Structure formats: C-alpha cells, structure tokens
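A.B. asks: Each chain, written out:
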Amino acid sequence: MTGAANGAVNGAAAPPRRRAAVPRAAARAAREAVLQETAPGRRTPYPFSAIVGQEEMRLALLAAAVDPGIGGVLVFGDRGTGKSTAVRALAALLPPMQAVRGCRYACDPADRALCEDCRRRRARGALPGHSLPVPVIDLPLGATEDRVVGTLDLERALTAGVKAFEPGLLARAHRGFLYIDEVNLLEDHLVDLLLDVAASGENLVERDGISIRHPARFVLIGSGNPEEGELRPQLLDRFGLSVEIRTPEGLADRVEVIRRRDAFEREPEGFAALWAEEEAATRQRIAAARSRVGRMATPVAVLEAAARLCLALGTDGLRGELTLVRAARAVACLEDAAAVTEAHLRRVAPAALRHRLRRNPLDEAASTTRVERAMAEVWGA
Amino acid sequence: MTAAAPPGAAGAPAEAALVAALLALDPAGLGGVALRGPPGPARDRWLALLRRLLPGDAPWRRMPPGVGDGRLLGGLDLPGTLRAGRKVAERGLLAEADGGVLLLSMAERLPAAAALRLAAALDTGAVRVERDGLALCHPARLGLVALDEGLEEERPPAALLDRLAFHLLLDDVPHDEAVPASLRAARARLRRLLPPSPAIIEALCATAAALGIASLRTPLLALRAAQAAAALAGRRAVAGADAALAARLVLAPRATRLPAPEEADAAEAPPPEAGPEAAAGAPGEAEAHPLPDIVLAAARAALPPELLARLAAAAPVAGATAGGEGRKGPARQAARRGRPVGTRAGDPRAGFRLSLVETLRAAAPWQRLRHAGGAGQRIAVRREDFRILRLRRPAETTAVFVVDASGSAALHRLAEAKGAAELLLAACYARRDRVALISFRGTGAELLLPPTRSLVRARRCLAALPGGGGTPLAAALEAARALATTERRQGRTPLLVLMTDGRANISREGRAAGRAQAEADALASGRALRREGCAGAVLVVDMAPRPLPFARELAEALGAPHLPLPAAGPAALSAAVQQAAARLAGHGATA
Numbered sequence: 005m006t007g008a009a010n011g012a013v014n015g016a017a018a019p020p021r022r023r024a025a026v027p028r029a030a031a032r033a034a035r036e037a038v039l040q041e042t043a044p045g046r047r048t049p050y051p052f053s054a055i056v057g058q059e060e061m062r063l064a065l066l067a068a069a070v071d072p073g074i075g076g077v078l079v080f081g082d083r084g085t086g087k088s089t090a091v092r093a094l095a096a097l098l099p100p101m102q103a104v105r106g107c108r109y110a111c112d113p114a115d116r117a118l119c120e121d122c123r124r125r126r127a128r129g130a131l132p133g134h135s136l137p138v139p140v141i142d143l144p145l146g147a148t149e150d151r152v153v154g155t156l157d158l159e160r161a162l163t164a165g166v167k168a169f170e171p172g173l174l175a176r177a178h179r180g181f182l183y184i185d186e187v188n189l190l191e192d193h194l195v196d197l198l199l200d201v202a203a204s205g206e207n208l209v210e211r212d213g214i215s216i217r218h219p220a221r222f223v224l225i226g227s228g229n230p231e232e233g234e235l236r237p238q239l240l241d242r243f244g245l246s247v248e249i250r251t252p253e254g255l256a257d258r259v260e261v262i263r264r265r266d267a268f269e270r271e272p273e274g275f276a277a278l279w280a281e282e283e284a285a286t287r288q289r290i291a292a293a294r295s296r297v298g299r300m301a302t303p304v305a306v307l308e309a310a311a312r313l314c315l316a317l318g319t320d321g322l323r324g325e326l327t328l329v330r331a332a333r334a335v336a337c338l339e340d341a342a343a344v345t346e347a348h349l350r351r352v353a354p355a356a357l358r359h360r361l362r363r364n365p366l367d368e369a370a371s372t373t374r375v376e377r378a379m380a381e382v383w384g385a
Numbered sequence: 023m024t025a026a027a028p029p030g031a032a033g034a035p036a037e038a039a040l041v042a043a044l045l046a047l048d049p050a051g052l053g054g055v056a057l058r059g060p061p062g063p064a065r066d067r068w069l070a071l072l073r074r075l076l077p078g079d080a081p082w083r084r085m086p087p088g089v090g091d092g093r094l095l096g097g098l099d100l101p102g103t104l105r106a107g108r109k110v111a112e113r114g115l116l117a118e119a120d121g122g123v124l125l126l127s128m129a130e131r132l133p134a135a136a137a138l139r140l141a142a143a144l145d146t147g148a149v150r151v152e153r154d155g156l157a158l159c160h161p162a163r164l165g166l167v168a169l170d171e172g173l174e175e176e177r178p179p180a181a182l183l184d185r186l187a188f189h190l191l192l193d194d195v196p197h198d199e200a201v202p203a204s205l206r207a208a209r210a211r212l213r214r215l216l217p218p219s220p221a222i223i224e225a226l227c228a229t230a231a232a233l234g235i236a237s238l239r240t241p242l243l244a245l246r247a248a249q250a251a252a253a254l255a256g257r258r259a260v261a262g263a264d265a266a267l268a269a270r271l272v273l274a275p276r277a278t279r280l281p282a283p284e285e286a287d288a289a290e291a292p293p294p295e296a297g298p299e300a301a302a303g304a305p306g307e308a309e310a311h312p313l314p315d316i317v318l319a320a321a322r323a324a325l326p327p328e329l330l331a332r333l334a335a336a337a338p339v340a341g342a343t344a345g346g347e348g349r350k351g352p353a354r355q356a357a358r359r360g361r362p363v364g365t366r367a368g369d370p371r372a373g374f375r376l377s378l379v380e381t382l383r384a385a386a387p388w389q390r391l392r393h394a395g396g397a398g399q400r401i402a403v404r405r406e407d408f409r410i411l412r413l414r415r416p417a418e419t420t421a422v423f424v425v426d427a428s429g430s431a432a433l434h435r436l437a438e439a440k441g442a443a444e445l446l447l448a449a450c451y452a453r454r455d456r457v458a459l460i461s462f463r464g465t466g467a468e469l470l471l472p473p474t475r476s477l478v479r480a481r482r483c484l485a486a487l488p489g490g491g492g493t494p495l496a497a498a499l500e501a502a503r504a505l506a507t508t509e510r511r512q513g514r515t516p517l518l519v520l521m522t523d524g525r526a527n528i529s530r531e532g533r534a535a536g537r538a539q540a541e542a543d544a545l546a547s548g549r550a551l552r553r554e555g556c557a558g559a560v561l562v563v564d565m566a567p568r569p570l571p572f573a574r575e576l577a578e579a580l581g582a583p584h585l586p587l588p589a590a591g592p593a594a595l596s597a598a599v600q601q602a603a604a605r606l607a608g609h610g611a612t613a
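Residue numbers (this note's numbering), protein chains in the order written: chain H, 5 to 385; chain E, 23 to 613.
Honestly, the hints are just simulated from the structure, not real lab data. Worth double-checking, as some hints may not be accurate.
Said to hold, decoys possible - Which chain H residues face chain E? A few, computed with CB under 7 angstroms, are given here: (1) T148; (2) R151; (3) L162; (4) K167; (5) V259; (6) R264; (7) D266.
Claimed, not checked - With the Cβ distance kept under 10 angstroms, some of the chain H side facing chain E (calculated, not the full set): (8) R116; (9) G213; (10) R263; (11) A267.
What the hints assert, rightly or not - Taking lysine to any residue and the SDA-like style, the derived pairs with C-alpha atoms no more than 20 angstroms apart in a straight line are: (12) H/K167 with E/A180; (13) H/K167 with H/I216; (14) H/K167 with E/W388.
On a predicted model such as this, the values are computed, not experimentally measured, just so you know. Glycine is no exception: its CB is placed at the ideal position from the N, C-alpha and C atoms.
Generate the whole structure from the sequences, applying the supplied hints.
C.D. replies: So this is what it looks like as structure tokens:
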C-alpha cells in the first residue's frame, strides 16, 4: 500500500531477486511470489461524492477526516448498502501529510511524539520532511497478530542472524485511518490489542525477543452488520461517532445507486473523471476545515446545550459530551460557519450519542429515537 | 429433499443449464451460485456443464470444509522458505481460483468467519493477506459455487448468499440442449455490451422492491445477469426479455413478500421454459405493458411455490422429527477445534499443532551460534525451539429456551422468557453466546427464534408471541433435541432451559391423548434427550404455582436440576441460566 517502505513489485510479474540462491524450476519460481507488497487493487476507487444519499455516514466520515480527535466512526447497517465503499473512497479525499523522510512510522516532523529513530536524528539536526498520502489501512479478516502489531523480521533473522523489528499494520496506520470491516466479528484477542493501542496511542511490542515501542495514533473506522452479532461494549465506546445506515427506501435513489455502480464498473476511470471536480471540491473543503478547526469559536451556550442533552440522556462519562462538541465543531468548519451553533449539535447528536446510552433491554425504543426524543425535550422542537 | 424447501428455487432443468451458461460468461461479476441439492448425478452433471462452458484455462478449485486460513488466503511457504533462506509466499485457494471458479463443499456448514473471508474476496476481487509476517495482495476475481446440502433449516451464511447472484434448487439433471457449445462469441459480446437503459435498471429495482428485497446488491447482480443473458442471446444491449429472465433467476428466489396483486395476471409472464433463443424477441414486445410490469410478472411467475406458506408461518418450524440421524454423529473434536490464541513452547507430538512460523522465529536468533561449528547451511531447529499452537475452544453456548406457551399463564411466561433471553444477550454477548427460543402450545412446538447472538434480531423475532392451547411437552422435547443436535454439530454447547408447569396433555403425535399417555411420551422423549448427551445441559424451571411431582420426575429423566421458580422474573431466570452456563463452561475448556 501507499505507505509501505519497501518498493511495490507485483508478485506475479517480477522475477524473484537473488535468483541465484534458488535452483532452477521456473514453475516453482512462479509460485514463489516475491514478498514485496503488491498494490492492493490498484483499481480506481469509487468516488466518495458519487455515493447516493447516506448523508449521516458521509458527514461522520468527513468530520473524522477534519478532526481525528473525534475518535473514529462506526458504520453499522444492512447488507449491501455501500459501507466499505464509502470508507475506501475516503482515502482519495484526504489532503497529504508531512512526514519525516525515511521514517518507517511516518512521524510528523512538527510533532513532539516521535519514534526512537526520529528522536535520535532530531538530536543531531533538523528532520527532513516530505509529503505522503494519509494512510487508510484495511485490517483484513484473518490477519494474524504478528502482522497487526509487527514482529521479528524473519528473513533478516534467518539470513543475517539480526534481530530486527518488522512493523505491522498498526505502524502503517499511524497518523491515518485503520479500517476494520465486519468489526463485530473480529477475533477477541485482536480486539483487546486494538483497544489497548487505540487508548494509549502507542504500540508496545514485547514478543519474539523484541522489545520496542512506536507511536500508533490512528482513527478507527469499523463497519458491520448488527444481524451478524453485537459489538463488545468496550469497543463500541471506543468509536466517537456511530452511524446507522439503511438501504435507501425510495425507488429513484435505488435506481441511481445501481446506475452509478454499473457505470463505474463498466469504466472506472471514465466514471471517476466525471466526478473529479466534485472530489476536488470536497478535498478542498476538508483541507480548509482542517486549517480552521483550531480557531473555531465554541460559545459557552453551545457547551451548555451539549451538557444538558447528555445529562438528560444519562450517558456514561464525559466522552459523549466531548465528542458531541468536537463533531459539531468539525461540521461547523466544513460548512465555513462563523461559530458552532445548536444546529450543528443537532446534526451530529444522534451519531455522537446513540451508542453511549445505557442499554435497557426492556425498552423497545431504538437508541436513535431516544436521542431524538431527548433533543426535543431539552432543546425544544 | 425434505418438503420444507428453502428459499431459492429456480427449478426447471432448462433454467439450471441457463444459470450455468450465464455464470460461465461472467463468474466474477455474478459472484456465483448457491446450488442446493444432495450430491448425485444432477449436481455432477450441472458442474460438468459449467466446467465445459468456462474457458479452457479457467482455474477450477475445490475448497474443503474446515479449510484453514493459511490455505484459503495464502501464507508462508515453509519448504520454500527453508530452502531459499528467505521468505517465500504461497498463494491460497482464493488467489489460485482467480479468473475461474471456486467450489465450496458443504456450504451450509460454513462458519461465519470463513464466509466473510469469501465475501471480502468477492467484494474486492482481491485477497489481502496479513499473516505469518507477510503482507500480500493477490487478484481473486472468481465465481463461487456454494454446494449446499443442507436439510431443513440449514443454510449457507446470509452474508455469502447476499453476494451470489443465483440461488438454484437442483432436483433434476440439467437440460443443456439450449446452451451453445461454446461461449466464446457471447463472452466477446458481453465485453462490448452497450450501457443498460434507465428503464431496465428501474424495472429491476422496482421488482426487487416489490418482492421485499432490501439489499442493493441484488438488483445489481440482476443487472449483471441480464447483461450476461443479452450477450448469450446475441444482443448488443440488454432487452426487456433479459431483464425478465434476470428477475426470474436472481430476484424471485430471494422474495420475502408477495408483490401487491394489482392487475396480477401470471399469464402475462413469458413461459418459464423460455430459453435465451426463444426469448430473443425484439424489445418491441414490451409495448403493450410497461417494462416494470413485465419484469415483475416474470419474477412473480417464478416465485417458489411454498413461499406463501413460508411467509404465512413467518418463522420456520423446528423439525419435530428425530433430528439425530444426521450424517455425522454429534462428533466433538476436542483439542483440534478452536482458534489459535497464541503459541507456547511444547512438544508437538502430543497431538498439538506445531506453529511452524513461530518455531522458525524461535530458532532464528540462534542460527549463527549453531552454525559456529561449521555444520552446513541448513537451518538448525532444535527441540527447545518447538512452538505449539495454543487453541482456545470458543466456550460458546447456545441457551435454548423451551417455553410452555399453553393455557392462561402463557403470556406471562413468554414475557419472562423473552425478557430473560434479551437480558442474557445483553449480558453475555462479550462471551459470544447465542440464544434460541422454542415455544410449544396447542399441538406442536415452534422455533420462534433460531439461535442468534443479535439483540436486534431477537427483538424482531420476539415481538409477537402467541399463547394458549394444550401442552405438547413431548413434541417440545423432540424439537429441543433436534436443535441441540444441530448446535452440537456446529461445535457449540447447547443449554436447554425448559420452562413449564409440567401439565402435559398432548401426546407426541399431537393428539389430545390424556394425561397418562402425554406424560409417558414426555418422559420417553426426555430420556432420549439425556441419552444424546444432554445430561447436565438441561435446566427445568418449574413455573407452576404448586409444583407437581411430574415435573420433578421429568427433570430426573432428563438428568436435569429442577428449579421451582413460580414467579421467576427475567433477572432471576437469566441469573440461573448464567450459572448453569458457567458450570457447562467448566466442563468444556481445553488446552
């Protein structure tokens, strides 16, 4: 993928390096695919702007792109509604980031939290920076723990007898997004591991005789279908925003979805070109909102309104309030508003709060309804 | 096949052949087919037909049940790695099947985790591997043939079915006369097909909506099927007849409700035998009726005949026949089951699985030292390097509530059971437990909530619970036994919670046969349940205000504790069940 340090070589086409070490047999050589990263589906992604409807999900993803501090997005909903498509499309909208040249964790030269290598290098002088795309890393099903956290570099250990650390997916996702499809079916031990790293912003590896720590701050994006299984409450709380997504009801919308999807599959590049202008505009909006988010004014009245709503709903802890305000601020920045208002709060309140309500198995009302009810009571209709 | 035919029925032999031709034209675009039917000549002939129609060089791979991630997704090629002294990757089945077809045996027993791996490959046309220290991505554009041999309620996972265009019920040898010998020309035409007209897309979407199909993947798959059909029929663009065919083959088997009747006239539909050539009529035929009506009529004509009955019943009825005669006894593969949760040093000869990668890793740092004596170039692995997989059997239990819904107390009891089921789900979903509910009343038992761990689904199923009537205790125990057997076959531990007042008055056959006969039947069923190894996994909750001796007798026959809880609230009930589950888990854990 994009952030990979090693050069991308297509496994099927390229001949193995150091061929001399491998005796004969072309057939076998073909099977011994080279281990460099191959570009995963270097296919054109479906344009984000071409997604039909699903306003709440799009807004939540954009807000998370503006302010990573919101803490991730959970997209839960029916089958075949384009959850994964939206997340994968987001990657194309993210403005590039500055990273330390040669750093395997893509540390931010302007940041104080650097990896050990960069800290040592900075002691010797300024860090050279270069521009990199923001990583959006897929955590595929069946990923093993060693690839998630990183582990001993087997090849170097075998050939050179060197104990070297081979970074895993968490390192690659640093400063970017980590996307877990079917998050509700993730193996429990991987969930625990992710929770730990997401909470501390740091990946601590103690295995295979390796002891290393590196920064790993990422925005967790999960998607899944609630009919396949519930999500563990600890993980639920870890997502800043939670979006419920449904199949579009209207026939016109459904027809439009199919029409665009067919056009895209027929000719991905041509379709993407049609939407390039809108994509560029959205990219601009995100970049502009990012530069504004630090300065956006949040009136005390808005903070109070958020607190009143959370009190009325009895959400656990302060995370709900914090997320609500941050998400509202991100939306205000996206819309180029002068200040955060109650209207912004209203738009993000269901997403920020619906997964933080105390579960009451005997209350039939869906959590979205409960949030909406509370909004009407506290803030008036 | 059993009479309880599942959703998925495009039955006619000519259609089966047509499905094979369409799939062979565009396996990756259509996702594949769920082929339901027993192994036999019909299936073999169909598979042979598909294979003949695929391009000669298209891969044809078979995925055995229970295949590991390493083989399915790919991973480290150990012999190659050892020989070369550097990491060598091995492609998995998904990557090997790229451009062809992957056959999936016993798809009805496919675990959810494996289904999602397949689904990910179908969605992205690629397989991503992050395993064994490898990060790879291989193309995997393939069609899946899910061989579904399920009886009654066993079905392949829904996440997989959603992505397969065709759900075909195969009960006869396919008639392949209508299918051309070679699809080369059609394949070339498919690549050059003109974009579909908006009217076609609208007709397919409207029909899907009328049939109550929520997923948007379905109309998309139907569109691809229509495109393949157009190419097969020699057209340059999709015509109304192609859309009608796609509606019959892709949409109708997935119907969840009957379309509103309106001017319903099934005679309008194209004759079901219409092969591609026969249906090759010009788009002009559509003039009399607007296209959506024609497509809907086609789908309506192909609706599985038992759909009405199934929809009327709303919930599937648990097979009240003895379910124990399955192909495989309730085999419990103790130490070999479970998911790896890490490794530890140990001896692999004691029946444990060696983790080769971890073993190599443990050996790697010592290679210099071990070769110091000049002993060749091979990797020296010693006994102390051996790492074995620590497997944890998922201590999954399925709590099956068997609830007496008879008589006047029914509503109350059902409400309690429902509350307890929801509390259990809310409390223990971290442990990945499942809950199911069988209610019995009148003359038989009914599976109201199939095993699920989804609160959403549970709520939906439990919303309306009927009550009243006789007490068919024996039938309830038989239904519970069938469900317990299925669960155990899938590696879960069933825990039966029987909630009754013990006043059995309906015989096993469902006749009002007098108390003595009913009680004798119930005791016999109870003893049968116990013989199947359910002892210790049953809890009898006696809900009678004044417990009868019979309930205690039944508990003894079941080898179950008897818990008189005349006014057990949902909370007390779920606590009792959790205690019993913990006891069960105590028996179940393995190394």
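A.B. asks: How about H/R263: closest beta carbon in chain E under 10 angstroms, or not?
C.D. replies: holds (5 angstroms)
A.B. asks: Is the hint on H/L162 kept, meaning its closest Cβ partner in chain E is under 7 angstroms away?
C.D. replies: OK, holds: H/L162 within 7 angstroms of chain E, min 5 angstroms.
A.B. asks: Please verify that hint: H/D266, Cβ, nearest Cβ of chain E, below 7 angstroms or not.
C.D. replies: Status holds, d = 6 angstroms.
A.B. asks: With 7 angstroms as the cut and Cβ atoms as the points, is H/R151 at the interface with chain E?
C.D. replies: holds (4 angstroms)
A.B. asks: With a cut-off of 7 angstroms on the beta carbons, see whether H/R264 makes it to chain E.
C.D. replies: Status violated, d = 10 angstroms.
A.B. asks: Is the hint on H/T148 kept, meaning its closest Cβ partner in chain E is under 7 angstroms away?
C.D. replies: holds (5 angstroms)
A.B. asks: Holds or violated: is the Cβ of H/R116 closer than 10 angstroms to a Cβ in chain E?
C.D. replies: violated (30 angstroms)
A.B. asks: Given the hint that H/K167 pairs with E/W388, test it: the Cα-Cα distance must not exceed 20 angstroms.
C.D. replies: holds (10 angstroms)
A.B. asks: Given a cut of 10 angstroms on the nearest C-beta pair, is the interface hint for H/G213 held or broken against chain E?
C.D. replies: Since chain E brings a Cβ to about 6 angstroms from H/G213, closer than 10 angstroms, the hint holds.
A.B. asks: Would you settle whether the hint for H/V259 is holds or violated, based on the nearest Cβ-Cβ distance to chain E being less than 7 angstroms?
C.D. replies: holds (5 angstroms)
A.B. asks: Hint H/K167 vs chain E: min CB-CB distance below 7 angstroms?
C.D. replies: holds (6 angstroms)
A.B. asks: Has the given pair, H/K167 with H/I216, been kept, meaning a C-alpha gap of at most 20 angstroms?
C.D. replies: holds (12 angstroms)
In the structure shown, a violation is registered for the earlier hints numbered 6, 8, 12, in ascending order.
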